[in-house]
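Peer 1: Two chains, two frames, a set of hints: combine them into the complex.
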Amino acid sequence: MNDELNKMFNMTDEELFAPVDHNELESEKITAPRYSYWRSVFRVFFRNKLNIVILLLLVFIIVFAFIYPAVTHYDASVTPYLNLLDANSKHLSPSKAMNYFGRNIHWILGTGASGESTFDSIWYGSRISISLAFICAAINMTVGVLIGAVWGFSKRVDMFMTEVYNIIGNVPSILLISVLAMLFSPTFWTMVFALTVVGWLGIAYFIRTQVIIIRDREYNLASRCLGTSTFKIALKNILPFMTSVIVTMLATELPSYISTEVFLAYIGMGMSEMSLGRLIYAAEGAMVTPGWQMEFWSPVAIASVITVVLYVVGQNLGDASDPRTHM
Amino acid sequence: MGKYLVKRILHGLFSVICVVVIVMVLVYSLLDRSVIFAGDPNYSKQQNNARTTYEYSRYEAFGYVDYVNYSEYIMGLYNSGEIDDDTRKNAALIGRTPDKDSEISAEYIQKFTDSYQKQGYTVMRLDASVKTNGQIKDGGQPAVFAYRDRPLITRVVEYFTHMIFIDNVHYVPDETDIGKRGLTFTLYDPVYNPTGTEKKLAPAIIGNGTMHKYLLYFDSHFPFIHQNFATIQLGESYTVNRGIDVFTTMTESQGSYVLRTMTFPTGKVEERADDLHTATYAAGSREINLVYAEHFTDDYTNVRTHKVGMSRLGFSFVIGIISTVLAYILGLPIGLLMARFKDGILDKIGSVYIMFIIAVPSLAYIFLFKQIGGSVFHLPTLFNVDSKDKLMYILPIISLALPSVANLMKWMRRYMIDQMNSDYVKFARSGGLSETEIFTKHIWKNAAIPIVHGIPGSVIFAMTGAIITERVYSVPGAGGLLTVAINKYDNGVIVGVTLFYAILSVISIILGDVFMSMVDPRISFSEKAR
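Protein sequences appear in the order of chains A and B. First residue of the first sequence? That's 37 in my numbering, and the numbers climb one at a time after it. First residue of the second sequence? That's 2 in my numbering, and the numbers climb one at a time after it.
Next up, chain B with everything else stripped away, as it sits in the complex (with noise of 0.2 Å):
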């Protein structure tokens, strides 16, 4: 069993790695990139030299393309110290046209060439656009660059290698002064006792160097307590929630903030929401803004709010659950009614009821329940982040156990037939058993393996959300993230849900066979058995 595991699972793998790359040659190849700048109000502002590095740098944000700027280059070469303030301020300046370089300049523009064309990168410059009268048109002013394409095998091999994320002491540039590097233990938090004063008992690991201030801590979340020594990054957002990764859109709480009052690290005390242990480096954060340095004695300022929402995989898995467990509480013992009462008025009703959650679009069905939800039955018909109200619950879970019904009980009626005519219901017939112990004792219990292997994969993308259920009720939920990210041209969050559902029908699939292998002690998947 354990090896057969193992095999599957590296299998399964294999196919993950292999739908990420058919996505990224999607996205990235196959499309029109150009379409990004459809939406975007700030590339018509943009003209002449100006708005082709502006065209380059958002393909590289978009993970298009890799992308140096001249004065990138240089303002590097400053900062690592190779040369002064005086040959930077010179070197920077470029010509309007090749010839007209100072010396220095001309130096270092050959030199940036020569080291990124090496790279395999394909220099550019403009040269500047000029009007009549000699002065420099708007944004005409010239510009060196270079750029590559991002190899496909680069993309993918770099994904993979940065989708965990290991907190180390080196995170923080070694050039940087943060005082001494490493880990600490400690029994105080000092989020619970910000004045060192209280003892109150709350062990915590805590970093200096590394991305993460907090790295292990206690919380009254769920699951109280929380590591942050690997983390998993599925893809950086660049247009549905900016900078963010697709794992933490998908996992940070919404709505609106839960104030309270709290003591900063600095001793201020004031009404906010933000969760000190989330704080993660942000390199000169105090110098550029006062508030953080108002709050906050070292660089660690970045940290993630509290509000009182669950969030997007919260909100689906909580309606998802609770409907795939209707579903089969309601599916499995009405499709068992129908084949013991075959052509019954039970089953002619269930048929019809079937057919019709099959043939019609399910979005007609799901618009008319929210109809007659709300007009007969005065239920909330959308979703208020917010609110406490549990009512509105009920619209969309029972939206989206309708097809599940009907399906579970398709597949149970089906299965308890073909079983009736087994030789061992006849065998039970002519022992003298009632047909209602031969249906609740041996055909029920044959005909439930078949369900059984679609426990799992029902359990487990009950997290990915319905896409129409979500939006007809306006859940905030995951179901909409994946379109939502096409329409924005996000690849990021494209190839990072993808990759997550890919993740998730693996296991499913594969759990559901070690399920089937638990119910029925026929099936097995050791080799020596069979």
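With the rest of the complex left out, here is chain A (with noise of 0.2 Å):
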């Protein structure tokens, strides 16, 4: 066979077959594919082409949210008033509004109470919404985090914080809210102020739970015999461990704040912006009224999509940062 092998590529054994050299150092090494967590999470995700089109939506909605009021000039102080003299221009329908106004995207969802396009409202409506739960959910995630964590590693901490969230659990969240914002004018400060006083403390007690779930096991029994210091332990052993769990609470932490000022805006306890829970208040009268109900289902319908893409969005990024999932 070597001879084949000779006459064919016309060469010696020698020149056929050269010895390796035998490197300790690369004989100690462990080859296996690269693996980059935040890669595979997104791989993961893209993987499903509905993720791709609910997440493009999202960016839509969210970018639309921005820019539309700020390309339209909008003024929240003058543009929802410009018609307000105008006694034919309130609660017209889409097309009484088109044939009113004249072709113009202002007018396809018609009319409000006070001759408003009701699409510059409700797009003016989500961006207030929008930045009220990524601001509070920005806050709130990290005091929640980082307190939770604390919570969880110290007994000490525990037993204090523990009897904190029986009590303030206990104490209604409306009556918070309300005597902030009758102690502070109801703006959209004060809102967000009202919502991250004590919304951390869940959060904070959902991240306590987990982190003694894992605080506990082998593994970290076995660093810390090796000497391995509590914040390493944290911050390479758990957080990890964590971040699924922390994607996954964010994507119902997201909507929730929505539904939460929706829900405070129907009550009258709102704040004076209008956001969407104050355009659905202000029009629940509309509801009712043959011909009207389109001011009412309009921020209804976009608060609902809004929720619903930010929920799906963050629960399959939570679902796809689980490490499992990466095979």
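Simulated from the structure, these hints should not be mistaken for laboratory data. Note that beta-carbon positions come from the ideal geometry of N, C-alpha and C, so glycine has one too. It is possible that some hints are incorrect.
What the hints assert, rightly or not - Computed footprint of chain A on chain B, listed as stretches where at least three residues anywhere in the stretch have a Cβ under 8 Å from a Cβ of chain A:
| # | segment |
| --- | --- |
| 1 | 25-32 |
| 2 | 351-364 |
| 3 | 431-438 |
| 4 | 466-472 |
| 5 | 482-495 |
Peer 2: If you want it as structure tokens, here you go:
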């Protein structure tokens, strides 16, 4: 067989086969395919085509909610009242509004109680509601995760914080929010304050439970025996475990702030800005009047779409960030 | 177990007290108290000094301050016999400015100032506000009064000590002559035997000098035997339901009156809705009001009335309990089937439903449901207290069940799937049991344990009602009470309702743990078993 090879390539044995150096260092290395956590997360996430569609929809809604009012120079103190004196412009259905004002994107959802464009109002409202959700979620998640981690680790903190949680959890949140709204004026930032002042507590409690579950697992015990510092255990052993939990939680938290805001506005405790909740509250009477329903259902529909999209994207990202799905 | 329970209950009581303290700080100390005048039509009518005294009397009514007017003080002295009528008349006259006081009134104003300043009050004297022609302006009469902010500690201690009122024969002030004080037991309740001739057997305990006339009696309403020895007082309402305790507000019947021919103690027969058993003492009411004099032989004239509808708690509880039962009946089997046929068609539909309920604001789907129920199924969408129509309950019940079904489905599926990979399931499978057997006999029992923990809570909180559902369908339940109280600055109701909720939540958590340890013998709360 060697002869055949020699003939075929016209080479000698020495030329064909060269001994390879035995490298001590190389032999110690374990070869495995390169694994990047976040790349795998996004690979798994984008494997599902539905996710791409929903993510695009989410990006579109957010970008549109921020760009559209800016492009049309929507001014909350002026724009809604431009047609206030025009009695014929109020509560128009889309087709009537189109006939009255001419074909324009502003009028495709008709007009509201003061002759304003429903389409413009709901996008301005979406901008406020989305901002509120993102700001509150950012604050609550950061504070909640940090405090929750400490809460789970330290037994002394646990005793104290569980007591605080039991007490604060029994103070009705509506009362707290309305007291804050009355103390300061009910502006956007008051609402942020009201939703975050005790909002982190629930998140921290959840994280605490998760930390306690993972804290006493064998591999952490081993780490501690080997003398790893608590900080490093928290950062390297526990935090990666928590990523998917945190992302899944974010998926429920983000839409929940929009829902809460809608709820508070509906019971008359919302903020003064024309958010989606305020729009729904203001148009509640229009729901039962034939021909006016569009005013009520448009903000309800856009609020539902935003919350559903946020939730689905967050849930699927949470699933994708669980390393067990990275096969 | 018993020791552990006692410890838990004490712990719960402690957190309830903390909650009440926090709420009191929130509503009494942090809030700007002048907001109570925003919706008060009388306030703008008052002028000058009268407005100031009106403000303080209002603050007292809302529970912010203790307030004593000088004329009340003089009247008090007169009533207790310390001064005679002449002195009273002279002392009550306040001069336009301090130097214009008569000798006698200056003396009593000084006494008033001294005695109240000793108790930590601030005494204020408002001089008359006079027009240029020397006449006193509208509401500009001089005034002397004392006030002090009620300290938090006294407020909390007073609240809890007054929470359970034990009726006693000294309730009516001892000066008042109401005949022989005491409790009498009778076999023939005078309400059923108004003329004293028919001998209808109905035992009752009747008090004289007590707050309630009937301390123990029987009637045809659930729970048939009623007592008034101890009554719960959660806090007096001021604006929501004037002068009535929160607990009564929640438990008294609503709607239109149930009229029937009845004989009053005086023998007068009339068509009224009064419930004579609820009579409480109202001092001097027969002198002031002739109607009372015609009907009653004593001053126990303050009666509640029979109404057709249930109480706020009643409506909330009926709707809440049915929807809770419905949620468990639907949610658990569906969640079980979703886990059993994971990734099947039912699992997919169920997941979409769960996602919809969790993500979409509750307001949105309740309104959507109301719209569909009203226009497609022609069900009544508004609640009518007086109506006996059972159909009007359907939409609120289902609306309330929608989110609980989703929640139960979600957790049932989660717990079942978690159990599916346990060793005992693999063992059962290797033993040759069918999948259905494994699911219904083994996994279900283990997965239901955490679900059981939530049952007492969902039953108890069915009582408190749901804010949105009750508002959307205009159900006269207990759900909106807190928001109404907040909007009307009714501090007594706010504190009372919060306390009520806090107690319920403490009870439901403790009961949940007890239930769980009953269902699962592995869970034990006694120290030894650990």
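Peer 1: Under the constraints set out in the numbered hints, which ones does this structure not fulfil?
Peer 2: Those not satisfied come down to hint 3.
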